[in-house]
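Listed below are the residues making up each chain.
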Amino acid sequence: MAEPSIRNIVIVGGGTAGWMTAAAVSKVLRAGTYTVRLIESDEIGRVGVGEATIPPITTFNRILGIDENEFLRKTQGSIKLAIEFVNWGRLGQTYLHPFGQFGLDIEAVKFHQYWRKLGMLGEVPPLDDYCLTAMAAKLGRFTRPSPDPQSVLSTLKYAYHFDAALYARFLRDYAEKRGVKRREGKVVDVSLRGEDGFIEAVTLASGERIEGDFFIDCSGFRSLLLAQALKTEFDDWSHWLPCDRAVATQCEAGGELTPFTRATAHKAGWQWRIPLQHRIGTGYVFCSKFISDEEAIQTLLANLDGPPLVDPWLLKFTAGRRKQLWNKNCVAIGLAGGFMEPLESTSIHLIQAGITRLLSLFPGAAISPLEVDEYNRLMISHYEHIRDFIILHYHATERDDSPFWDQCRTMTVPETLKHKIDLFRGCGRLFRYEDELFAEGSWIAVLLGQNVLPQAYDPLVDAIDVKVVRNTLTQIRSHVRQTVEAFPTHRTFLQRNCPAPKLLVNRGAGYVGAK
Amino acid sequence: MTLADNRIRKLVILGDGMAAWLSANVLAHVLAAQQVHICVAESGGEIDVDTFGPCVSTLPSIDLMHKLLGIDESTFMRRTNATFKLGTKLTGWVKQAESYFEPFGETGVNFEGIPFHHYWLALGGKEQAALSDYALSAVAANLGKFSHPLADTTSVLSTMAYGYHFDAALYTQMLRERATKHGIERLKGELTTVTHSDNGFVESLVLECDLRVPGDFFIDCSGPQGLLIAQALETGFEDWSPLLPCDRAISVSSRSADPLMPYTSATARAAGWQWRIPLQHSTDNGYVYSSRHVSDQDAAATLLANLDGSVRGEPRHQSFRSGRSAKFWNKNVVAIGGAASGLEPLASTGLHLVQRSLLRLIELFPDKSCAAGEATEYNRLMSSECERMRDFLLLHYALNGRDSAFWKDCRAMGLPPLLQRKIEHFRNRGRVVDYDEETFKPPSWAAVFLGQDVRPRCRDPLLDTVPPQQIATMLLRMKTAIRQAAEAMPTQRTYLAKIGAAAPVTID
Ligand SMILES: Cc1cc2nc3c(=O)[nH]c(=O)nc-3n(C[C@H](O)[C@H](O)[C@H](O)COP(=O)(O)OP(=O)(O)OC[C@H]3O[C@@H](n4cnc5c(N)ncnc54)[C@H](O)[C@@H]3O)c2cc1C
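Chains as they are written, first to last, in this note's numbering: chain A, 1 to 515; chain B, 1 to 508.
Derived from the structure by calculation, the hints contain no laboratory data. One or more of the hints may lead you astray.
Claimed, not checked - Taking beta-carbon pairs under 8 Å as the criterion, some of the chain A residues facing chain B (in silico):
(1) S368
(2) D422
(3) A456
(4) D458
What the hints assert, rightly or not - In silico SDA-like links for lysine to any residue, alpha-carbon gap of 25 Å or less:
(5) A/K467 x B/D5
(6) B/K368 x A/L430
(7) B/K408 x B/G323
(8) B/K67 x A/V469
(9) A/K323 x B/D436
(10) A/K323 x B/L418
(11) A/K27 x A/S5
(12) B/K10 x A/V466
(13) A/K27 x B/L463
(14) B/K441 x A/T59
(15) A/K418 x B/R380
(16) B/K368 x A/A108
(17) B/K441 x A/L437
(18) B/K181 x A/I464
(19) B/K408 x B/S295
(20) B/K67 x A/E107
(21) B/K441 x A/I63
(22) B/K95 x B/L399
(23) B/K10 x A/Q455
(24) A/K418 x A/N87
(25) B/K441 x A/F60
(26) A/K418 x A/R399
(27) B/K10 x B/A375
(28) A/K231 x A/R245
(29) B/K441 x A/R377
By construction, the Cβ of each residue, glycine as well, lies at the ideal position given by its N, Cα and C atoms.
Just need the whole structure built from these sequences, with the hints factored in.
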């Protein structure tokens, strides 16, 4: 077998995407066989947001062999069990989207079908009461799940909140220890090979030329290689996801340390709130067609938990993705490939998905269109499934208090999403596509949370006596509650296992990455 | 809310074969407390799933259905002359007399997340062992041995999986008795007319002697003729015969030959392939062929010349058509079994598809109006499932290495694009692309690719990071452990007796 000629990997960008990629590549493609270099520019900086994740991140860390306590300590991390959505279905309405499942399926029929039947009989116990993860989020408690599938504790699912700058720093140490070479400098030129248009080298402001066989574009919204050098077109989704700006800031943590992210809908978008050990990260994602930057900043500052630590900074974006995520000898990972707003904290996950798929399709001797096409097929379907899930939040609303919500409520949604909503509205049926990220529980939480109520329940539910259903539900509910009540509080858990050092936060000084 | 009024109260199953009776049992079980009246109209004559012969070879998934219904394994095996099946041995598909094995269960270990077959490939010529030497199912099967897999995942004995071979008529009989015991109504008589309501839904079946059978929902298990789906509702058929050219089968039973092997054999012949399915007291044999390439007489001669025991009874001829109903669920009719699709038995998928259909139907069980989008979703899922299965069958033909006209034609066939892409990926770097709704998971595909002598052009670069010596040691250890475990098992015959599953010898 011929010696693979791809030996020299260059990563452009040192944000979350760049360092996650560098860390994974350094673990899997061992040093000695491959040279991995990462270029980042102190002058340009990172987006400085992106601090909430979803459960697969725990797998990523496990594969890298990262100790969870150390990781949480070094990133000022906290636990995330759910997202709390405020004012989405209607003004004044709140629901949770917890990780992990609701109740237990009884006789092969989904739990929510029984719940729906009781609902139709006028008995409406909140769905969250049947989900261990949701209950723990509500009560602000946490403990690590049990590996024993028999135990209800095994149904607990969690992810993290962390300080993005500290996470990048943490992974940088990891990657450098495994041989990744970091180069500080600003890329000012990209040279393409004459015969096939492959990237040959990048040139830094210092004049240094860095050659490579394979390039990973992690340059953020600039998309320096994939978009600018290789002219890969963009698939614009702003007709479905109209938000195009965000103002972000950080404020002092006050009150309780919630183990969930909060997403509060405002007049022309929504505000995230991500609690860390040392501070809260927050920002308002909005649509510039409906309000000014100034008004957005005012709204943001009026809705903080504590005094701001930095001046708000503005980010501009367009929802969508590049038509190819892998083009020639370049794969874009992170914002350089595409962007969907952080409503369900999927960006970091898309980074992870990009890395995993790239490694499983990693080219050997020469880059074959087979691998390129397969990578693009997988990533594009991943993007689209997530896109549909996010659109659902905007579309399934009764809000009519602003032109922004009127537009979202009445827009035409993708066929794939329409099919799902119709199927659920009919009889509470849910079908996932096989490689879909969000499990049934997630769709159920959002559909029901935003008032898409099935007109009927699964006819098979009637196979079980309603008294039995009622009893079973009562039992699950009290079992869930009792189990959670025995957990330590979220803060106690962190203090016992992974207390982060107190950071001196100077008001106004900002962090690395905050601009 | 008028929900209750719209519930399905009467469900009619049309047919008298395995699909009909399995449907009756499963639906009766699931709808037990619902006061749904289930009736089987034993009409349609033709036996449906067992179109290919008196004997069925299954995938491991059948166990799930038996567990659901509370069917006791030893009782079932005793009653149906059944044996265990650990996989399929394919002979002569690439070169005359050369075999490979498609085992159930696991092959090797995906060390560091890299699929096992890459390690096997990495050893290249230095290692003589076949891929299936790393699968306990295959090794035990070739030794004629069997014992139940263990649940403990740290034991090598947990890596096995198994299906069955059994007598179709005896099995159907068992299901029929069971259904009758559970209060299912049986009506006999040929179907004469189907009446429709204004919206085109089927309203009732009229059987001979003017017996009218009204229903809210109908399951068409009438076999390939599709009395309801194809004839009454004119749903249309997607013909796959340009892809799968075999259209005839001839089968015959022969006297059992010892040792009793726990696997199905599929041996390539001049214009198709021959199955051999061992039961406890007889062996079922059949030749699936293309009538354009061989005459019925020649096919019969080939079959009779290739038996390992003396013939019992007369050979039986059948024709069949590969393809599927354009919709599986149309209005208030769901087609299950031969009425839904025709796929030759090479991958033993018949009963599996019946089971999948039932599970999907249960998940999407409708009310009388069938208006909640269930049919669309059902059809979407079942068509992909069926097509991925077809592609798996096709793969065996597309990659053959034989010389006769039939086999040359098979090689020259245009393939569906998804399959084409899968093959290219494997040829290139040994990667198995996995689509939605695949019945056969990547290790099964890899077994066929490698069994049919496809060797990837280059290796997976991730393997470069694992030292070759480490791979060699690891594989040797694995192979030895598997061999020892298999040798320690009892023979299938002994084991059947031990668990009380030995069927009484019948005089013939
Ligand atoms: C408002 C908002 C909120 C978000 N919230 C979440 C969330 O809650 N959860 C989540 O998962 N994701 C979230 N995201 C997305 C998440 O922030 C990003 O996916 C993640 O930070 C990855 O960014 P990146 O590494 O691709 O880009 P960046 O962080 O922008 O990094 C780009 C890197 O490229 C380098 N670079 C750029 N140009 C050059 C050049 N010319 N020469 C050299 N180097 C260069 C920069 O120095 C930098 O190191 C959010 C995004 C936004 C906009």
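Exercise for the section: Determine which of the earlier numbered hints do not hold for this structure and return their numbers in increasing order. Expected result: none
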